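The task is simple: from the sequences and hints, build the whole structure.
Using this note's numbering, the first residue of the sequence shown is number 148, and each one after it goes up by one.
It is worth saying that the hints were derived from the structure and are not from the lab.
As the structure is a computational prediction, the values presented were derived from the model and not from experiment.
Fair warning: there could be bad hints in the mix.
Stated by the list, open to error - Computed list of lysine to aspartate or glutamate pairs in EDC-like fashion (alpha-carbon distance at most 20 Å, straight line):
(1) 363 - 268
(2) 189 - 218
(3) 185 - 215
(4) 189 - 230
(5) 152 - 174
(6) 152 - 182
(7) 152 - 198
(8) 295 - 332
What the hints assert, rightly or not - If you anchor each label on the Cβ, the simulated ranges turn out as follows:
(9) 430 - 356: 30 to 40 Å
(10) 429 - 464: 14 to 24 Å
(11) 262 - 505: 45 to 55 Å
(12) 227 - 460: 54 to 64 Å
(13) 395 - 512: 35 to 45 Å
(14) 379 - 356: 14 to 24 Å
(15) 541 - 454: 24 to 34 Å
(16) 299 - 395: 30 to 40 Å
(17) 439 - 188: 52 to 62 Å
(18) 299 - 396: 29 to 39 Å
(19) 185 - 221: 12 to 22 Å
(20) 176 - 227: 22 to 32 Å
We put the CB at the ideal spot given by N, CA and C, even for glycine.
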Amino acid sequence: MEALKVYLDSHSHDDLHPSEIANILKDMDDKSFHEAVKLIPKDLVADVALELPDRYFDDVVESFTPDELAESVAELESDDQKEFIEELEELDEGIANEVFEKLDKEDQEDIRQLRQYEDDEAGAYMQVEVYTAKLNQKIRDIIEGFAKLRRKGELENVNYLFVVDDQNRLKYGVGLDSLLTFDFDKTLQENIEADDENYKPIVAYDQEPIKEVVKKFQEYDLSSIPVINDQSVLLGRITSDDIYDIISEQATDQMYHLAGVSDEAEEDDDLIKAGKARAIWLGINLLTAIAASLVIGLFESTLQSYVALAVLMPIVASMGGNAGTQSLTVVVRKLALGEIAKHDAFRTIKKEVLLSLANGMLFAIIIGVIASIWFDKGMLGVVIALAMIINLLSAGLFGSVIPLLLK
148 MEALKVYLDS
158 HSHDDLHPSE
168 IANILKDMDD
178 KSFHEAVKLI
188 PKDLVADVAL
198 ELPDRYFDDV
208 VESFTPDELA
218 ESVAELESDD
228 QKEFIEELEE
238 LDEGIANEVF
248 EKLDKEDQED
258 IRQLRQYEDD
268 EAGAYMQVEV
278 YTAKLNQKIR
288 DIIEGFAKLR
298 RKGELENVNY
308 LFVVDDQNRL
318 KYGVGLDSLL
328 TFDFDKTLQE
338 NIEADDENYK
348 PIVAYDQEPI
358 KEVVKKFQEY
368 DLSSIPVIND
378 QSVLLGRITS
388 DDIYDIISEQ
398 ATDQMYHLAG
408 VSDEAEEDDD
418 LIKAGKARAI
428 WLGINLLTAI
438 AASLVIGLFE
448 STLQSYVALA
458 VLMPIVASMG
468 GNAGTQSLTV
478 VVRKLALGEI
488 AKHDAFRTIK
498 KEVLLSLANG
508 MLFAIIIGVI
518 ASIWFDKGML
528 GVVIALAMII
538 NLLSAGLFGS
548 VIPLLLK
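Right under this line is the structure:
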C-alpha cells in the first residue's frame, strides 16, 4: 500500500495514469489491496477497474457506492462506459442499473447505442466522441474550438478531424498535423479542394466484422478509423488502443484453444469451472492415448521379441507429436490472421506436408544410422527410418488438415 501512496503523492492529479495504479495494485496481497483501493481518486475508479484483470473487478467496485461509481463512469469515454456497465451487470445487475440511471441522459443514450451491436461488429467497439467540422468553417475557428474542448477534457486521443455535411454524413478526414499547415484564414473547402482525394478517409461500417477493421488498421497503419452506417452518417470512431486490446484477446484465445482450455474459465476464480473445461480436453486426449495403446498392443509379441523396438518407439512418437504441433500452430495462426483463403488451402497443406516429409527423411537417416549402430541390426535401422518418415508425414498432414476442416 505504501507504493501506491508514494505514487499518488509524487504525481499531480493530471499526471496519474490508471494503468500504473493498476500495476501497483496487482502486486499487493489481498489485505493491502482492499485497503489501497480506497485511496484511488474517485474519478479514476472505473478506469482503474477496467485496467485490472477481471478477477479484481468485483473487489474494486464493491469498495465504492453507486453514486461514486456513477461519478467515475461519467469520466470515461463512451466505449469504456459501455464495457464497465456490462462487467458490472455480470457482477450485480441491480447495482449496474442503479449506476446507469445516475448517468446523464446523453451518456445513457450513448451506452444504449453501443450495446445494440453484436460483439463481433465494429459498432460495439467504437466511441461516439469525435471532433467534426463543416466545409465552410475557417481553420482558425476549428482549431480554437478543438482547443476549448481539450481544455475541458471532453476529447482525448484525437488525431483526426472528421468533415461532415449538414446531415452528418462523412466527407473527409483531415489529420491534425495537416490541419496546422493550412491557411488559418481560409475555410476547409478552400484548403482541401485542390487535393480533396487525398483526404478521403478509410472507413469502417458499424455492422462490419471487427476482424476486418483490425486488418484495415494493420494494412493502412491507422491510429483511428471513422465508423459510419450504410447512409455514410458518422457514428463514431475506433482508436488504436481498442485494436491493440482486440489483437491481444485474439492471441490469448488462440493460445488457449491450442492448449484445449477456455479463456473464460481460466480468468474465473471458480476452480470447478476451470477444472471442468480442462477435463473435457484431457478426456479426449485420454481416449486417443488408449486408442494408440490398443494399436501397439496388436504388436505385443513383436515388441517382446525385439526389445529394441520398445526402446526406439517413444523417440518416433515424440518426433511426430512435435511435428504435428508445429504444423497445427502455423496453420491456426495463419487462419486467425486471415492469411489462408479457401482457394489456397491446398497450397498450405502441400507446404506443411512437404516440410514434414523433408524433416522426416532427414531425421529418418539420423535415427536409422543410430539404431543400426546401437543394436547392430541394419534392418532395424531401416524399419525405424521408415516409421519416422511415415510418422512425420502423417503429423504434417493432419496438423494442417484438421484446423482447416474445423474452420
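Using the beta carbons of residue 262 and residue 505, state whether their distance is inside 45 to 55 Å or not. With a Cβ separation near 52 Å, residue 262 and residue 505 satisfy 45 to 55 Å, so the hint holds.
Is the Cα-Cα distance between residue 152 and residue 182 20 Å or less? Satisfied, since the Cα-Cα distance of roughly 11 Å is no more than 20 Å.
Is it true that the CA of residue 185 sits at most 20 Å from the CA of residue 215? holds, 11 Å
Residue 152 paired with residue 198 [C-alpha distance capped at 20 Å]: Satisfied, since the Cα-Cα distance of roughly 19 Å is no more than 20 Å.
12 to 22 Å was suggested as the range; check whether the CB atoms of residue 185 and residue 221 agree with it. holds, 20 Å
Take the C-beta atom of residue 429 and the C-beta atom of residue 464, compute their distance, and say whether it sits inside 14 to 24 Å. holds, 18 Å
For the pair residue 227 and residue 460, does the Cβ-Cβ distance stay inside 54 to 64 Å? Check passed, 56 Å falls within 54 to 64 Å.
Should the hint that residue 430 and residue 356 are 30 to 40 Å apart at their CB atoms be regarded as holding? holds, 33 Å
Kindly confirm whether 29 to 39 Å is satisfied by the beta carbon distance between residue 299 and residue 396. holds, 32 Å
Between residue 176 and residue 227, is the Cβ distance one that fits in 22 to 32 Å? Holds, since residue 176 and residue 227 (Cβ atoms, about 28 Å apart) stay within the stated range.
For residue 152 and residue 174, compute the direct alpha-carbon distance and say whether it is at most 20 Å. Given pair residue 152, residue 174 holds - Cα atoms ~14 Å apart, limit 20 Å.
Should the hint that residue 439 and residue 188 are 52 to 62 Å apart at their CB atoms be regarded as holding? holds, 59 Å
Hint compliance for this structure: every hint is met.
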